Amino acid sequence: AALRLRAPLPALAPRTTLRAGAVSLSDPPPEPVLVSSPTPGAEPVPVGEGDAVLCKDQASQAWWRATVRQTRGDQLLVHYMGCDDAWDEWFDASSPDICAVDAQEAARGAFQSEEAELELEGMGDEEILEAYRAQKWANNARWQLATFAQAQLGEWKGSCVAYEPSGPPGEVPKWVAGPSLPSAGAVAVERDGEVAWRDAPPDKAYDTSRTLTPASFDRQRGCACVGNGYSFTAGSGEQGEDAGADGALLFELGVREEGRRVRVKFVYAAAAEGDLSLERVLVAREAESGGGGGAEEDLPPGSGLYDPPPGDRTRYCSLYCDGGITLVFPASLGRDEPGFVSVDWTAGGMRYQLDRKFARLERRVGSLELTEVRREDAAVYPPGFKDSGQAGQD
Numbered sequence: 006a007a008l009r010l011r012a013p014l015p016a017l018a019p020r021t022t023l024r025a026g027a028v029s030l031s032d033p034p035p036e037p038v039l040v041s042s043p044t045p046g047a048e049p050v051p052v053g054e055g056d057a058v059l060c061k062d063q064a065s066q067a068w069w070r071a072t073v074r075q076t077r078g079d080q081l082l083v084h085y086m087g088c089d090d091a092w093d094e095w096f097d098a099s100s101p102d103i104c105a106v107d108a109q110e111a112a113r114g115a116f117q118s119e120e121a122e123l124e125l126e127g128m129g130d131e132e133i134l135e136a137y138r139a140q141k142w143a144n145n146a147r148w149q150l151a152t153f154a155q156a157q158l159g160e161w162k163g164s165c166v167a168y169e170p171s172g173p174p175g176e177v178p179k180w181v182a183g184p185s186l187p188s189a190g191a192v193a194v195e196r197d198g199e200v201a202w203r204d205a206p207p208d209k210a211y212d213t214s215r216t217l218t219p220a221s222f223d224r225q226r227g228c229a230c231v232g233n234g235y236s237f238t239a240g241s242g243e244q245g246e247d248a249g250a251d252g253a254l255l256f257e258l259g260v261r262e263e264g265r266r267v268r269v270k271f272v273y274a275a276a277a278e279g280d281l282s283l284e285r286v287l288v289a290r291e292a293e294s295g296g297g298g299g300a301e302e303d304l305p306p307g308s309g310l311y312d313p314p315p316g317d318r319t320r321y322c323s324l325y326c327d328g329g330i331t332l333v334f335p336a337s338l339g340r341d342e343p344g345f346v347s348v349d350w351t352a353g354g355m356r357y358q359l360d361r362k363f364a365r366l367e368r369r370v371g372s373l374e375l376t377e378v379r380r381e382d383a384a385v386y387p388p389g390f391k392d393s394g395q396a397g398q399d
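Numbering (the numbering used here), first residue to last: 6 to 399.
No wet-lab data here; the hints were simulated from the structure. All of these numbers come straight from a predicted model, not from anything done at the bench. Incorrect hints may appear among the rest.
What follows is a list of derived Cβ distance ranges for each label pair [what the hints assert, rightly or not]: (1) A210 / D341: 23 to 29 angstroms; (2) A182 / A210: 15 to 21 angstroms; (3) D382 / D102: 31 to 37 angstroms; (4) A274 / E132: 38 to 44 angstroms; (5) A210 / Q80: 52 to 58 angstroms; (6) E132 / R224: 37 to 43 angstroms.
Below, in silico cross-link-like pairs of lysine-lysine (DSBU-like), each with a Cα-Cα straight-line distance of 30 angstroms or less [as the list claims (entries may be wrong)]: (7) K209 / K179; (8) K362 / K61; (9) K362 / K141; (10) K61 / K209; (11) K179 / K141; (12) K209 / K141; (13) K362 / K162; (14) K141 / K162; (15) K61 / K179.
Beta carbons: idealized from backbone N, C-alpha and C, even for Gly.
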């Protein structure tokens, strides 16, 4: 009933080593198969085993780099570069969803690339171990970038409401909603493998537009993706682990469900005695352009978190928003205190809870965890129902 995903995740396990089998010398090698040329209007191009191709994913409508693994008549088995073998797929050579890759593009590095072999000669044991760790983190960053692009691809439009604190200083504030204003965003995969993230919030001060590369999803940089959920960090200290000199720090958390999504920005500013104080929360509900999904459902406000993270929540607030949304966050927190920000959203037949957890309030991602549970099961099965002997999946 419930599925919990967590990022950063370990890189995918390497494929099973291929062992040489008996080969008949009388069997001719497979004939190349003709597929569409990367140049519009040109003649089809022959491709065979090991050649690079581009394949269109119907779910994301994006083109992904792949390698021909096997040919059979007028069909090709392709392996998506950087993905598990379970995603291998057969294509008809005449399909408009597959084409050859020109030589320049085939030589270009992209985030959907296979693992590069490590140069280990002359290294000691500790150096080899560190090199393998670095490679696994690099592969994981590429995987997160590809996952983010697949989940968030397209143009989005909707509305955004800003909430601001109200109440006497030193007390847990009440949150007052402002007017609903237009909001938009877009995600596109660029030719060189980078991902363009474009944000158009009502207030440009909270624009998180950026160009994403695998390096963006390094654990130190503040970006993470798991499933259909993601989180960014922004602040004047863009290249550092912490907020800038002015203390500004912004966390963005987003979740997609089919043709709609929710994005939430938590904006912290420096306060007295080194604390960070939440000065604004922005909640955007958006629909994919041309996707037919509604940005909002006719649902009452959220009812709390499905699986509240443990810990001291003395200075935390809960904000219940229309459309089945609950937010839980610290209204103020010492920079060296651990904590979390959470978004709980009921959409379609699912309920999602996205938690960004941190050991201290900074740019770096501690962990990003996504819990998914079917809407009808959320009221029946508690988060720890496995402990009570009932069957389930975490």
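Hints, one by one, checked against the model:
At roughly 27 angstroms, the beta carbons of A210 and D341 sit within the given window of 23 to 29 angstroms. A beta carbon spacing of about 18 angstroms between A182 and A210 agrees with the range 15 to 21 angstroms that was offered as a hint. For D382 paired with D102, a C-beta distance near 35 angstroms keeps the hint of 31 to 37 angstroms intact. At about 43 angstroms, the CB distance of A274 to E132 agrees with the hint of 38 to 44 angstroms.
Distance hint check for A210 and Q80: the Cβ-Cβ separation is about 53 angstroms, which falls inside the suggested range of 52 to 58 angstroms. Restraint check, E132 to R224: a C-beta distance of roughly 21 angstroms breaks the suggested window 37 to 43 angstroms. Among the hinted pairs, K209 with K179 is consistent with the structure: their alpha-carbon atoms are about 25 angstroms apart, no more than 30 angstroms. Of the supplied pair hints, the one linking K362 and K61 is violated, its CA atoms being roughly 35 angstroms apart against a limit of 30 angstroms.
Restraint check for K362 and K141: the C-alpha separation of about 22 angstroms stays at or below 30 angstroms, so the hint holds. For a cut-off of 30 angstroms, the pair hint linking K61 to K209 is broken: about 34 angstroms separates their Cα positions. Note on K179 and K141: the hinted pairing is violated, with a Cα-Cα distance of about 44 angstroms set against a maximum of 30 angstroms. Distance check on the hinted pair: K209 and K141 sit about 36 angstroms apart at the alpha-carbon level, beyond 30 angstroms; violated.
At roughly 29 angstroms between alpha-carbon atoms, K362 and K162 fall within 30 angstroms of each other, so this suggested pair holds. A C-alpha spacing of about 36 angstroms is found between K141 and K162, which places the hinted pair above 30 angstroms, so the restraint is violated. Distance check on the hinted pair: K61 and K179 sit about 48 angstroms apart at the alpha-carbon level, beyond 30 angstroms; violated.
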